[in-house]
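A.B. asks: Position chains B, C and D against the provided structure of chain A, taking the given hints into account.
In case you want the letters, here they are:
4 protein chains.
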Amino acid sequence: MSEKSIKIGVVGGTGYTGVELLRLLVTHPNAKLTAITSRSEAGMPVADMFPNLRGWTDLKFVEPSAAALDKCDLVFFATPNGIAMKDTPALVKAGVRVIDIAADFRFKDVKLWESWYKMTHASPEIVEEAVYGLPEVNRAKIANARVVANPGCYPTSVQLGFLPLIEAGAVDTEHLIADAKSGVSGAGRKAEVHTLLAEASDNFKAYGVPGHRHLPEITQGLTQMAGKPVKLIFTPHLTPMIRGIHATLYARLTKEVDLQALYEKRYADETFVDVMPAGAHPDTRSVRGVNLCRIAVHRPHRESCTDMVVILSVIDNLVKGAAGQAVQNMNIMFGLPEATGLNQVALLP
Amino acid sequence: MSEKSIKIGVVGGTGYTGVELLRLLVTHPNAKLTAITSRSEAGMPVADMFPNLRGWTDLKFVEPSAAALDKCDLVFFATPNGIAMKDTPALVKAGVRVIDIAADFRFKDVKLWESWYKMTHASPEIVEEAVYGLPEVNRAKIANARVVANPGCYPTSVQLGFLPLIEAGAVDTEHLIADAKSGVSGAGRKAEVHTLLAEASDNFKAYGVPGHRHLPEITQGLTQMAGKPVKLIFTPHLTPMIRGIHATLYARLTKEVDLQALYEKRYADETFVDVMPAGAHPDTRSVRGVNLCRIAVHRPHRESCTDMVVILSVIDNLVKGAAGQAVQNMNIMFGLPEATGLNQVALLP
Amino acid sequence: MSEKSIKIGVVGGTGYTGVELLRLLVTHPNAKLTAITSRSEAGMPVADMFPNLRGWTDLKFVEPSAAALDKCDLVFFATPNGIAMKDTPALVKAGVRVIDIAADFRFKDVKLWESWYKMTHASPEIVEEAVYGLPEVNRAKIANARVVANPGCYPTSVQLGFLPLIEAGAVDTEHLIADAKSGVSGAGRKAEVHTLLAEASDNFKAYGVPGHRHLPEITQGLTQMAGKPVKLIFTPHLTPMIRGIHATLYARLTKEVDLQALYEKRYADETFVDVMPAGAHPDTRSVRGVNLCRIAVHRPHRESCTDMVVILSVIDNLVKGAAGQAVQNMNIMFGLPEATGLNQVALLP
Amino acid sequence: MSEKSIKIGVVGGTGYTGVELLRLLVTHPNAKLTAITSRSEAGMPVADMFPNLRGWTDLKFVEPSAAALDKCDLVFFATPNGIAMKDTPALVKAGVRVIDIAADFRFKDVKLWESWYKMTHASPEIVEEAVYGLPEVNRAKIANARVVANPGCYPTSVQLGFLPLIEAGAVDTEHLIADAKSGVSGAGRKAEVHTLLAEASDNFKAYGVPGHRHLPEITQGLTQMAGKPVKLIFTPHLTPMIRGIHATLYARLTKEVDLQALYEKRYADETFVDVMPAGAHPDTRSVRGVNLCRIAVHRPHRESCTDMVVILSVIDNLVKGAAGQAVQNMNIMFGLPEATGLNQVALLP
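Protein chains in written order, with this note's numbering: chain A, 1 to 349; chain B, 350 to 698; chain C, 699 to 1047; chain D, 1048 to 1396.
Calculated from the structure, these hints are not laboratory results.
A virtual CB, placed ideally from N, CA and C, is assigned to each residue, including glycine.
Keep in mind that the hints are not guaranteed to be accurate.
Where chain A lies over chain D, by a calculated footprint (3+ residues, C-beta under 8 Å) [what the hints assert, rightly or not]: (1) 1059 to 1070; (2) 1201 to 1210; (3) 1325 to 1333; (4) 1388 to 1394.
The calculated PhoX-like cross-link candidates involving lysine-lysine, where the alpha carbons are at most 20 Å apart (straight line), are [stated by the list, open to error]: (5) C/K888 to A/K190; (6) A/K93 to A/K7; (7) D/K1133 to D/K1107; (8) B/K539 to D/K1237; (9) B/K460 to B/K420.
To spell it out: a stretch of chain B is covered by chain C in this simulated footprint if at least three of its residues, at any positions, have a beta carbon under 8 Å from a beta carbon of chain C; those stretches are [stated by the list, open to error]: (10) 402 to 416; (11) 517 to 527; (12) 684 to 695.
So here's chain A without its partners, still in its complex pose (with noise of 0.2 Å):
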């Protein structure tokens, strides 16, 4: 693979996972970034949205219609959901492979999707043949896949966390909780009243304690893991910073396991886990900015509640929970070392 061989087209540059993505591929040894496109900012070089990007790229944004997708060897879908649903069936008719950042073919029911996300699917076929991007688990799979589907930012942080247990075998499927915590990037670049620092700042609150989107897609990866269904209490909160997602989770074991060697095992080779020696608590600012989910495991009180084990996994949510992710599997599906282009170090402080 020689040097910027992979052309790229980006749809939907002007949220957070877009500018995070952005930021990514510029430096990236292979990634020829050819058109970024929005229909609403057409015209405006990417660098005036986002400074930070000023020097690194002359691209402007440009209407999907002028942006020759399909001559692309991959398309990544930074846009709201909705809309790769719409355009992935031509791209990869056209031989280019797709990422979608957004949720259009996270759900392999589209029944249940469609009751989530209040849409008809477009592309059902597609939602078949699309391969759940956690490359911890489908690694394989991705490396050949047409159309990614990128997970989510909780669903990244609960499912990792959660995954040595239920591959063992080790807990109580039925009785789950996350109790999870987000930064407020997550809820993306949007206009909107509770976002807003004066809003958000100096303040805690959980939301969709009666459901969230994340829960069936959590609850979708959590079965598939167990090889049964398994039953999740899922409690999102926002926390007032920018970046991040601290999951804490718990479950009742069933059987007696060594958890630190556990973990430690089932991620010996993967470099975007890290398991934390016993006893830490990692912070979610040692990932600022890096394709990196770090996890530590507990059993607290064991004198008193023999049965309990505690599991904290922290991810940045725009990196390893969104954009980072996206390009950790952009390179295994182009053969590439996992790593390329993600050898940041965290932001600290």
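C.D. replies: Positioned in the frame of chain A, the structure of chains B, C and D alone reads:
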């Protein structure tokens, strides 16, 4: 009770609990502040340390020995742990009533206290008579108490959140979970690296998962409510905001109850507990600066997880979680209307 | 003036100025809130939008036409610019007094106003009689005013900061500089991208350097104080906090004066201006939630730069910079002690 | 220069400057980290203190005496002030080049330094030969220097902002004003009360108005540029964010110049200074994590204030204001392309 007639001494007024107590007392119609002690800051006007008090008090910090605390009607300890236990016996003997906002008298089990607080207790006899100052549980005893142990911040939010469920015998008390998030002021006004803005801002982390001093305090309270030992997993987290605690509580129902009605009925007469409408998500800022616990009750994903209940409980850690509850206890002890001096509106935004 | 006797209507209570006004009015002993209007939210209980008001008011937003505002003693406009100018004439005719917290009546020069606010003014005759509501300058006129133009937030902090120097004729009024920093609530409760937490947090920027609407308002006030035209450079900045304005003011002295004495004397009788001791650095949080301007006067590096003075002036933009000053004006207009209902202590930390 | 061939020692790697330097050096293609010293933390793996470095370095902190610094090609001092001045003479004698990120060698006037830093200088002879490491001014001297005094954070932003104006002789250098705002990491990773999140968050304040150590450093630099003594008012402020400095600079023009052209021309060949388009307002986050100074030039209210210019200059205080500039200096000293290892994209949002 005439105006400004309760003579009050405050021991240790240089921390956040101290300044918050002063904020409430300087506008309290019945409180006559007579002395504020600080060994380290003796001689400094209180308003020089806390400019929000400029114009509200001319008091200076004085040495404890110069404070004539034995002439007070009531002494608040807003000190580090281990001070009140030394000074309280003499005050009680002098007829002074005491509210300790620190932890010295919170545990009935002195041995347990000593193991968590790493000190030998100086006055076990006071422990025996001290009343745990959670008015919603112990109002009558508080009224007559000579010594009140003001509850911790986490314990207030968690106990008020679980109270109706446990009193009703409606949940499995062997597997309670309290996932709690606190603003940084909960760590106090101590110079420490991990609570610097550059460390704690734009970051989220759990801490003390293997064990936290508030766990046995909560367990003691829940056990008393349940009439039998309870088991609790308690996971505290640090969230990048100044004030506020959000406790997300999980329990398995053991019988069907009308949760909303249960909570509304239990707290119908409580001025400082607000049960939100069904489906609500209280935010911590809605209680910023006020003596109030807001609670919402959820039964999420009922179709899939039939037996789990989620309780959201928020307080301002410095008010209902510390100084405000202390003033509430003072009002009860001195026969005042319970809301005297506590009629602020939360500061929002 | 008996209890709860001033019948008050609030037009446009859904923004930050509105909720802050309500926070102050619900505990004001003489204010009887009779109507709060909102076209968009008619029918919604005010406390559903602003949970800090739960328990403090049962009012619902109503259509303006249903509000019977002409039966009020006083109507506050907490609306966007351009509303009060339309509704005020009829109210004045009906004998209702008006305080506009927006900008409609602040400029005496209607043409200038129209050029900055991009609207044709609907009631120039009201402009003529309206009194600029800066009590420290116009108290007597405010007492008798039918219409008060409540000052802007930046203009309050900058004018109070420069006032003593300019009245004393002590500075070069051709080269005044106001470098001002505001919290994000100053931008209002509007859904906009640039004030999202993910945009404005952990960030600092200037804006409006080429020109800002508050510049001519400040210049008008300073010109009146000076008795001659003044020239001012005004640089507003957005700082990542909710509330607060910090104005750093620079001027060249044209004669020697005892600066500290000058300021202390000028504001000796002002309840809501606090001149700090020499050498002090007021922080914005020291006035969080209260109707107060804190000022410190500096003469730095006197040996090297003999003629420069630096003034630090802080307010809470929503209180002394908006709703609190409006209540102060109401108190003056209705003959109440000026501090009625404004006796809060700043929330610190 | 082959890969990893510069043997590097870091003295004092436990502060923010230290960790930032390590972040940059671990991915620098020519830097071979051989030792990181810390008296207090000797034996601790660096990655245990700074989890963002987990997986990037196995180094442990060592005692200075065990570090074999005299075998290095280059030693960075990321220490408190007063260390480098003691250790540098021996290193220089051993043929080791030195970059001091602290202040020991910044002032040419040793007496002045001693009066501001309250220490007797241990090596005035090093002061004499040390080169002030602002590459945009002193590039050639830096290339040959044995000892480089890395500039302070405020001084970098202020000097780069004023430089073209002063070199062009276009402004009154008797009345320069620098109103500067810094994130809290500028205060370092020291346990202090005033930089706690609960103190510094949601707050804004000036500090050091009567005098700040960076004032004489800036004045020395501007004086050198001007060829005559300059007078400057310097007002630093603390703003509630982690990283970033925003300097707002004011000067009176003494002749007409095309400001935009002046700046663009002066910095045309500078990789790490970005002159923004006319009318722009650079935000600090646009340089978060990168070695870049962004500058915008304004001539506001030209009609009313004919002679004032306003310069906006932003940097990341830990990068272009400290560790990044140090690496830039290293690159120059060792004949590397100046941007080696400094090709990050700013993290936004």
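A.B. asks: Compare the structure with each hint and give your call.
C.D. replies: Do the hints match the structure? See the list:
1. Here's how the segment 1059 to 1070 of chain D fares: 3 of its residues keep a CB closer than 8 Å to some CB of chain A, so the rule of at least three is met and the hint holds.
2. Here the segment 1201 to 1210 of chain D counts 0 residues with a CB under 8 Å from a CB of chain A, which misses the bar of 3, and the coverage is violated.
3. Coverage of the segment 1325 to 1333 of chain D by chain A holds [criterion: at least 3 residues with CB-CB distance below 8 Å; count 4].
4. Residues of the segment 1388 to 1394 of chain D with a Cβ under 8 Å from some Cβ of chain A number 5, which satisfies the need for three, so the listed coverage holds.
5. Of the supplied pair hints, the one linking C/K888 and A/K190 holds, its CA atoms being roughly 12 Å apart against a limit of 20 Å.
6. Between the alpha carbons of A/K93 and A/K7 the distance comes to roughly 17 Å, so the proposed pair stays at or under 20 Å and holds.
7. The straight-line distance between the Cα atoms of D/K1133 and D/K1107 is roughly 24 Å, outside the 20 Å bound, and the hint therefore fails.
8. The suggested pairing of B/K539 with D/K1237 holds, with an alpha-carbon distance near 12 Å, which does not exceed 20 Å.
9. Straight-line distance between C-alpha atoms of B/K460 and B/K420 comes to about 33 Å, which puts the hinted pair past the 20 Å bound.
10. Judged by the Cβ-Cβ criterion of 8 Å, the segment 402 to 416 of chain B is covered by chain C as claimed, because 4 of its residues qualify and three suffice.
11. Taking a C-beta to C-beta cut-off of 8 Å, the segment 517 to 527 of chain B contributes 0 residues in contact with chain C, too few for the three needed, and the coverage statement is violated.
12. Counting residues of the segment 684 to 695 of chain B whose beta carbon lies closer than 8 Å to any beta carbon of chain C gives 4, which meets the minimum of three for the stated coverage.
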